[in-house]
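Visitor: Chains as they are written, first to last, in the numbering used here: chain A, 1 to 378; chain B, 1001 to 1378.
Careful: at least some of the hints might be erroneous.
Said to hold, decoys possible - Some but not every residue of chain A turned toward chain B, in silico, with C-beta under 8 Å:
(1) Phe92
(2) Leu106
(3) Leu140
What the hints assert, rightly or not - Pulled from the structure, derived: some chain B residues nowhere near chain A, Cβ distances all over 12 Å:
(4) Thr1042
(5) Val1046
(6) Pro1051
(7) Glu1052
(8) Glu1053
(9) Met1088
(10) Asp1143
(11) Pro1157
(12) Arg1160
(13) Tyr1180
(14) Lys1290
(15) Asp1303
(16) Glu1332
(17) Arg1364
(18) Leu1371
Because the hints were derived from the structure by calculation, they are not lab data.
Using N, Cα and C, we set each Cβ at its ideal position, and we do this for glycine too.
One letter stands for each residue in the lines below.
There are 2 protein chains.
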Amino acid sequence: MNYQGPFIFRLEHKDKDTLARAGRLLTPRGIIQTPVFMPVGTQATVKTLTPEEVRDTGAQIILANAYHLYLRPGLGIIEKAGGLHSFMNWHFPILTDSGGYQILSLSKLRKIEEEGVIFRSHWDGSEHFFTPEKVVDIQLALDSDILMVLDECVSYPSPREYVKSAVERTLVWAEKSRKYWDLCNKAKKMLFAIVQGGIYTDLRAKCARELVDMDFPGYALGGLSVGEARSDTLRILEEIIPLLPPDKPRYFMGGGRPEDILHYVERGCDMFDCSIPTREGRTGSAYTWKGKIVVRNAAHSSDLSPLDKNCHCYTCKNYSRAYLRHLFHTQEVLALRLTTFHNLYFMSEFMARMRRAIAEDKFRVFKEEFLKNYRARG
Amino acid sequence: MNYQGPFIFRLEHKDKDTLARAGRLLTPRGIIQTPVFMPVGTQATVKTLTPEEVRDTGAQIILANAYHLYLRPGLGIIEKAGGLHSFMNWHFPILTDSGGYQILSLSKLRKIEEEGVIFRSHWDGSEHFFTPEKVVDIQLALDSDILMVLDECVSYPSPREYVKSAVERTLVWAEKSRKYWDLCNKAKKMLFAIVQGGIYTDLRAKCARELVDMDFPGYALGGLSVGEARSDTLRILEEIIPLLPPDKPRYFMGGGRPEDILHYVERGCDMFDCSIPTREGRTGSAYTWKGKIVVRNAAHSSDLSPLDKNCHCYTCKNYSRAYLRHLFHTQEVLALRLTTFHNLYFMSEFMARMRRAIAEDKFRVFKEEFLKNYRARG
């Protein structure tokens, strides 16, 4: 928390057998060791947990969403509160997604133009116009630490011609964002570009090359994990990651189940977010080193062992599967909290072990052992 | 926590102007200062909070419910876990209600006999038979610290003849419970009798006198706060409380809004439980020293002040009304937690101030000042 310099990414170690790498992002709000999993706090709260609990799970940075927060509660009150950190009582780094994906997936009556996108709010129908510059301004108003450019995220599957035009627009918007970012002159924040292009490798490659020419502080892969085959996801990573500058952080957007992250880290990705670990926590699925268990099920109603006997989290130290199953069965809120906490703790521990394996040039062994144990049950 | 002796009630001070009194219950699981508010944890959880948080609100003892826990998760797993305290991770005193009230209000196909009550579970229709002795056994299996006898709680309004027969049955069951309790020989627990009789003072008086003759460790008033006029409630307290032994604790069942508790303490009651402070927390109403506010309302959407600027609770130290309103508006679970925590903290602080006022012979001044400020807004 005492680092006062600019936002820096330091690559610390590359695994000898794979493209996996360990590094750290130095930010004024805290140091982030990579590879990192970022819990999702879309609406200025990581669902069910307090910020202190999120930190206690080992989280180093959380995600929030510019689209959602712009609509509710609105920027005015967040600015008045002194920014998002103060508003929500989380004093470590925050990455905000621009809302490109949410405009695609949630809003109605989208109209996409060269200048930006017109859309109607998914909850009250009000009309809004987002430009690349405005989206940067929104995220600056939130005072987020890592900002994402406005992009056009296409759904899967989409025809090549449509994806091609979305890539063109994404590039135009990225250039505008990059120029605007220079004017903003924020050394203690980072603006990340987003590589789009669906499953079309050549479109992805073109997008990546042109974004790299614009020299962004960081690069994200967007529009993946949206329904395409895993072989497509991995192929794209293998083709595109090598085009990105090795000294910049790489963020795989929206991908974050443990068994997926291993493949993405192996191919050179550093940052991950995913709502699945928290959502599964709320619906009664818990991660263990031997696979996922559905603690909500009656099978656990007489089981006094913890979710994972090798886990040191608050939930596992204090509560049995039987108690958690009882709480889910009787629809008690504490069930959601305890399982969410456990899953995020698991994710942090999983990433920490992965970092150690990379530092020791043992990533591949780590991956194989993890998957062998995890699949044995999950 | 280190007290090892038997369960003792010590009356420490009587207010000079009213029947309000301050005392303490010495129990092997902790000392309880009275008057005391007991948060409700019906299903082995005080809704939305962890046991550590419940303790941090200042709670000294919580309530659980024999009827609910007998049905779900069942006694077997709780006994296997080493009792309710260990099962739910709350290591301070627990009072369990017998289930008399729940059988009346929730279950179907009740058949009340001299020996006990036959009923069907409100959630799966299974048939069960509770006797006075069985209800003691259930609560001993839970290992609760204060047990309640099985009673017949009538709804309001009920005809006098019906209430009269319910009182007769309650007395028969109480006598059976009392005899059984002697056989159980549990010096570190207390069994409370329950005075019934609806709004009929003579029936209440008869019930109280006969229960006092049976010499129970503590006495409760049941079947109040069920819809009768407040003047009836207060009249009954004024007539019945003087019939109870002064050296035994007196528990007003189910009454616990701040403005109500003042009247009950004034008339000599020591213990209170109520689901309203936690339920109102979950529905967005917060208690303040200036009255209740509905933080869920849009009126608070730009208000950066805490729920109560004179409150030192976690919620008030860290979050604004605007943030809480945002969380309620977006249906986030954290909203329920933060407001529940605040309300229980308020109740603890309210009771602590009341105890100090009694110790200083200033109860009436405390009551009048509290109501003046509380009503000014609430």
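Visitor: Please write out, lowest number first, the hints stated earlier that are contradicted by the structure.
Guide: 1, 2, 3, 4, 5, 6, 7, 8, 9, 15 and 16
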